[in-house]
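These protein sequences, in sequence, are chains A and B. For the first sequence, the numbering used here assigns the number 1 to the initial residue and increments by one for each residue that follows. For the second sequence, the numbering used here assigns the number 1001 to the initial residue and increments by one for each residue that follows.
Some hints here could point you the wrong way.
[Said to hold, decoys possible] Heads up, simulated PhoX-like pairs for lysine-lysine below, C-alpha to C-alpha not over 25 Å straight-line:
| no. | chain 1 | residue 1 | chain 2 | residue 2 |
| --- | --- | --- | --- | --- |
| 1 | A | 210 | A | 249 |
| 2 | A | 333 | B | 1333 |
| 3 | B | 1249 | B | 1210 |
| 4 | A | 59 | B | 1059 |
No wet-lab data here; the hints were simulated from the structure.
There are 2 protein chains.
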Amino acid sequence: MIIRSVPGPFAFEVIATTGDCQARRSRLRTPHGTAELPAFMPVGTAATVKGCPPDLLAKTGSEIVLCNTYHLALRPGESTVQSLGGLHQFMKWPGPILTDSGGFQVWSLSSLVRIDEEGAHFRSHLDGSPLTLGPERAMEIQTALGSDIIMVLDECLSHDSDERTTRTSIFDRTLPWSERCLRRHPRDGRALFAIGQGALHESLRREHAKSLRELPFDGFAIGGLSVGETGEEFRRMIAASCEELPANKPRYLMGVGSLPEILDAVALGVDMFDCVLPTRNARNGQALTMNGPIRLRNRVHAQDNQPIETGCPCSTCTEGFSRGYLRHLFMAKEMLGGILATVHNLQFMQRLMEGARQAISAGHYDAYRRERIAAFRSTADR
Amino acid sequence: MIIRSVPGPFAFEVIATTGDCQARRSRLRTPHGTAELPAFMPVGTAATVKGCPPDLLAKTGSEIVLCNTYHLALRPGESTVQSLGGLHQFMKWPGPILTDSGGFQVWSLSSLVRIDEEGAHFRSHLDGSPLTLGPERAMEIQTALGSDIIMVLDECLSHDSDERTTRTSIFDRTLPWSERCLRRHPRDGRALFAIGQGALHESLRREHAKSLRELPFDGFAIGGLSVGETGEEFRRMIAASCEELPANKPRYLMGVGSLPEILDAVALGVDMFDCVLPTRNARNGQALTMNGPIRLRNRVHAQDNQPIETGCPCSTCTEGFSRGYLRHLFMAKEMLGGILATVHNLQFMQRLMEGARQAISAGHYDAYRRERIAAFRSTADR
C-alpha cells in the first residue's frame, strides 16, 4: 500500500499490532512527507545512495534515506550543503532524511585522539586535520544540513565493554550529551531521536532506556548492536530495550542489517532500520533474493537468461536484464552492474518490509518472519 | 524532430543537402529501427555505455550505439552473447547497433604478434592468450553478436606511415580482407561497411575510396584520422575521401571526436561519428556546454546552484542537479557524478547533431558550424 505523502511536523502513529509478537505497523510524518514503518532506510553516506540516482531510488519504494553527518561535515561541509538549499535540494531527494550524529564514524573511521566532556577530539580520515565533535556541534551540523530526523551524539562502545565502563559511558557521557542535544533542538517540526546504549548488559540497556524515556525525545534508537554478539544476545538486548521504551514513539535499530536480524527485530518491536549491506553487497555483485543471496560473478550465471529474481518488480528485473548480462558487467568491472544490482537489492529490502507491514496488519507477522527467514536460508550461497 | 522508428532491411536516404557546403541530412534504416543522420553514436565498448542505463541513454536522443567486437569476443565471448539473445537483448538496447571489426583494438590494446594474409595474430590484453583475428572471424563474431551495421576488418596504420607502406597495407591487406568480408556477409538486412585508409596520403585516400566504391558495401567509413595529424590534414583527407565516395551511401568517420572535428567533418559530407570522449570525459568530471567544456571539480563550482547548462533538456539539468552537487560527487568519488555527467554529455552531443540536422534542412549548415565552433572556443576551460 502506498499512501499519499503529506508533509508536516514530526508525528508518529501506530496503525496495527499483531497478536503473535511485539511487531507493530506504524507511520511517521516528517516535514518532507510520510513513511510507512517498519521501514528500511537506504544509506546515502555522502548525500547519494551509491550507484542509485534518486528517481530510481524512489521507484524502489524507499521512503526515508539516511545520510552521514560525519562525512558531509568533512566534505563538502554543512555550510556548502546549506548554501545549496539543504540536503533535500542538494541531493534531489524530496522525501524524509535521517542523519546520524557522526559519533559512530568518529569512532570507526577517524583517528580518535581523546574524548572528554566537550566531545570527541579526532583527526579527519580525509586529510588528518584536527576536529572536535561535541553534542552542540552535532546538532548544529544536522540542523544546517536540513535533516528531518536528527540523532543525538552518543559515545560508542565496544560490545564487550565491561559493566563499569559501560555504565560510566552511558551516565557520564551519552546521557548528558543527549540532554545537551535536546537543548539545541530547533523544535521546528523536525524530530530528535536519542540513542540507547548498554553494550551487552541487559540491565544497563533497561536503565538507559528508562532514563531516556523521561526526556522529550521524538524517537529512540538502539545503538551498538550487530557488532559481533551472538544472535541470542542481539535479540535479548533489543527485547529489553523495547520493553522499556514508550509504545507511542518510534524505535530505530541502527546499522542493522541482514534479513534475519531485521525480521527478528521487527518481531521485538523495532520500527526502523538502516544498513549499507544491501547496497555495498550489490556493488560487489551479491544480489538478494527471497531464497537467499546469489553471487552474480559465479560462472553458473554466465548463460542464464533469467532475471535476478522472477517476479521481482524492480526495474532491473522487469526490464529484462539477465543474470548472464549482470555477470558480464561485474566481470568487466562495468559501473552498470553495480547500478542494476543496487536497484534490485533496495527494492528487495522494500518488498521485504512491505510484506512485514502487510503481515502485521493481517495479524500473522511471526509466521511471516519464520517463513521468510527459512526461505532465505534454504539455499546455499550461489 | 523525432520520427517513428520503423525497422527493416538496411537502407539509406539523403533527405536534404545544404547550399553552403557538402553537409547532408539523411536517414538510416536498420533491422532495429531508424536513425537520423548526421549522428553521434555513443560507445558501449563492453555492451554498456559506461555509467548510463539504456533507458537514460534513449532519453539523451541517442539512436545508434557502437559496441566493440574485440572486447566482446574476449569477454563474455560472442557465443555467450548469442545464447543470451544477441547484443540487443543482452544489453537491452532495442535500437540500431554498429560493431567495429576489432582491428583497431588489436593494434592498440593487445600485444600484436604479427600480421599475415590470414589476419592479425595477437595476445589478449586480458589474459595473454594467443588469438587470431582475420576477416572471416571478424564477420563471424559480428554476425553472432547480432550487429545491425558490421564493419570490415582493416589493417590499421600509423598516420605517419610512408606512401609505400600505406599502399602495400591498403592493396595487399585491407582491400583483399574487405572482399573476404563481403563474401561472408550474411545479406539478411544487416549492413556491411568498408573502411577507407591511406594515412595522410591524399592520393591513396582517393585510390582506396575508388576501389571500395566498386564493391557492394552498404556504407563507407574513414579510418585512421584524428590520431595526431593537423587540422588541415584532417580536413583534407576527409574531403578527398568524401569526394570519391558515392553520394547514395552513408559515410562514417571512425573514432571522431571533438565538437569542432565533428562539425567540420559534417561540412565535408560525413554522416556518422563515434567517440569515447564525451562519456570518458564525463566520468572524469568534464561536462560539455555550448560555451565550452567545464571542469566540475573546480572549486569555483562548489557553491554554484546552477545546472551544468541552463536550458539543457537532459535529465541531469532539468531535474535540478547543481554544479555544486556534481562537484561534491566528483570530489567524493561517488558513482553518481559520472552517471549524471555522462547523461548530460550524451544529450549535449545529440543536441549538437540535432542542431546540425536542422541547419542542413534550413540550408545554412556552414553558418551553424562556424557559430558553434566559435562559441565552444569562446571560454577558457573552467
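Next item on the list: Identify every previously stated hint that the structure contradicts and give their numbers, smallest first.
Entry: none
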